[in-house]
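Undergrad: Please work from the sequences and hints to get the whole structure.
Residue numbers (numbering that gives the first Met the number 0), protein chains in the order written: chain V, 0 to 143; chain P, 0 to 408.
Don't take every hint at face value.
[As the list claims (entries may be wrong)] No farther apart than 25 Å at their CA atoms in a straight line, the calculated lysine to any residue pairs in the SDA-like style are these: (1) P/K369 <-> V/R42; (2) V/K55 <-> V/K88; (3) V/K79 <-> V/K132; (4) P/K399 <-> V/M14; (5) V/K88 <-> V/D33; (6) P/K72 <-> P/L82; (7) V/K125 <-> P/G354; (8) V/K18 <-> P/T320; (9) V/K79 <-> V/G109; (10) P/K401 <-> V/P121.
[Said to hold, decoys possible] Facing chain P, a subset of chain V residues (Cβ under 7 Å, in silico): (11) L5; (12) C39; (13) G40; (14) E62; (15) C64; (16) S65.
Just so you know, these hints were derived from the structure itself, not from any lab.
Beta carbons are placed, not taken as given, at the ideal position from N, Cα and C, and that holds for glycine.
Next come the chains, spelled out residue by residue.
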Amino acid sequence: MSFNNLDQLYRQVIMDHYKNPRNKGEIEDSVTIDMNNPTCGDRIHLTLDVQDGIVKEAKFDGEGCSISMASASMMTQVIKGQPVEEALKYSRIFSDMMLGKEYDDSVDLGDIEALQGVAKFPARIKCATLSWKAMEKGIDQQSE
Amino acid sequence: MNVQEIRRQFPILDQEVNGQPLVYLDSAATSQKPLSVIQALEAYYKGYNSNVHRGVHTLGTRATDGYEGAREKVRKFINAASLEEVIFMRGTTTAINTVAQSYGQDNVKEGDEIVITHMEHHSNIIPWQQLAKRTGAELKYVPLQEDGTLSLDDVRETITKKTKIVSIMMVSNVLGTMNPIKEITEIAHENGAVMVVDGAQAAPHMKVDVQALDCDFFAFSGHKMAGPTGIGVLYGKKKHLNAMEPVEFGGEMIDFVGLQDSTWKELPWKFEGGTPIIAGAIGLGAAIDFLNEIGLDEIEKYEHHLAAYAMEKMSEIDGLTIYGPEDPSKRAGLVTFNLDDVHPHDLATVLDADGIAIRAGHHCAQPLMKWLNVSSTARASFYLYNTEEDIDRLVNGLVKTKEYFSDVF
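TA: Now the structure itself:
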């Protein structure tokens, strides 16, 4: 069995986020988003504390595969403390990365870069993007 | 049964996926198609593609003969009493929805009950949920035994004189459970209810005799039984179908059309609106010929053997949980399982890298996943072209998957 390709997908840092998720939990009295992936049963419960246009705090709960949970963990890590516009910018960059497009690497992507390999596994892209879609929806909700 | 000979009829199996010979273990989602089916579709499109029942020309007659000839093959295949009882539809989902929207709408009212089970596929849950919501009827679920089977005592307990429709799958697409449809039908009838059978996972794998079962409706799909996608069958007893209103109007199903009112064709065409699924029906007919030549009893026996072999080998893997009946003689040819600490999606991705195709997810049975207390599972499902070597490859792949994830953690 050739696992060379798989090693591109299952990077150490991804498995670390899966096993030791950052920002796991729930923020009370905050923007709450529940999203699921109807084809596979993955689900995320994301709570965001947005004040004065800044994402003060982000926490998630849910269940799913290593890719979806690691992505959620990384997402909360990177948007915490960021202005809403920055958070959305990260989301656009991440979307480009998943589509295998050229992406803006002028900002520090941190652990997110480890998810690059997902683009080569089309069946798994929706796992990686679930939490990001939830975040976009949450920011949309609170700005209304 | 010569499996190597059978495999040669399925050109798709002879390929490499990710550098490995393909092992296809997802036939419960859709089966592969033999050459004879592919050739029947090709022959139709190349030689006699034409609309049915209306052309006076020769091609139209040949297409009509092909389409109606397929209906007779289906009739024999399920032993329906007459051709009028065999209706071509898009698949099991459409067939069950048709019964719910037509028979259900006319015969279910507030205070009535509809009975299904906790193991049903979404396609045999939601049509009834919707009907219950529209009519104010109650949707009741027969509980499952610990091993994922139904007890007839529970069935008797759940079905009452208020029950108008009982709808149950013959074989579970997740647990592999084979349900006692004949006995459940008797209980339904004793209470004055009709029996609807979701036969999607049964028709491809075992002999079905709708008259022996005495069920009122039986639905199945062509693509899971070596036929093309987009074709399925609704069987219904003539007395019900005659009394039912069509769900789709226009095209093939009309008789006389006036400005304010219209009349319908007789059975079975009354339920076949639009231009029928001609190529699909012809392809399904070819699939039935193919299965008959091997023999459904032979196929069923062989799949039991594969399931028993798979369960034996897979249960040797530490940390692997198999769902459904433990006794292989009580289950059809599929094994649903989970491997400790490895999410089914990750499992499926790693197996795919090894050329092995399995299904991962909720298998369109979310209430059952809830009952099993899991969010998703992995499933390997077998058909007549699978071999013990396929299962050895799966087992080997599972062991390596375990090792792989224990390494990266």
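Undergrad: So, for every hint listed, does it hold in this structure?
TA: Going through the hints against the structure:
no. : hint              : in the structure
1   : P/K369 <-> V/R42  : holds, 14 Å
2   : V/K55 <-> V/K88   : holds, 17 Å
3   : V/K79 <-> V/K132  : holds, 16 Å
4   : P/K399 <-> V/M14  : holds, 17 Å
5   : V/K88 <-> V/D33   : holds, 22 Å
6   : P/K72 <-> P/L82   : holds, 10 Å
7   : V/K125 <-> P/G354 : holds, 22 Å
8   : V/K18 <-> P/T320  : holds, 21 Å
9   : V/K79 <-> V/G109  : holds, 13 Å
10  : P/K401 <-> V/P121 : holds, 23 Å
11  : L5                : holds, 5 Å
12  : C39               : holds, 4 Å
13  : G40               : holds, 4 Å
14  : E62               : holds, 5 Å
15  : C64               : holds, 4 Å
16  : S65               : holds, 5 Å
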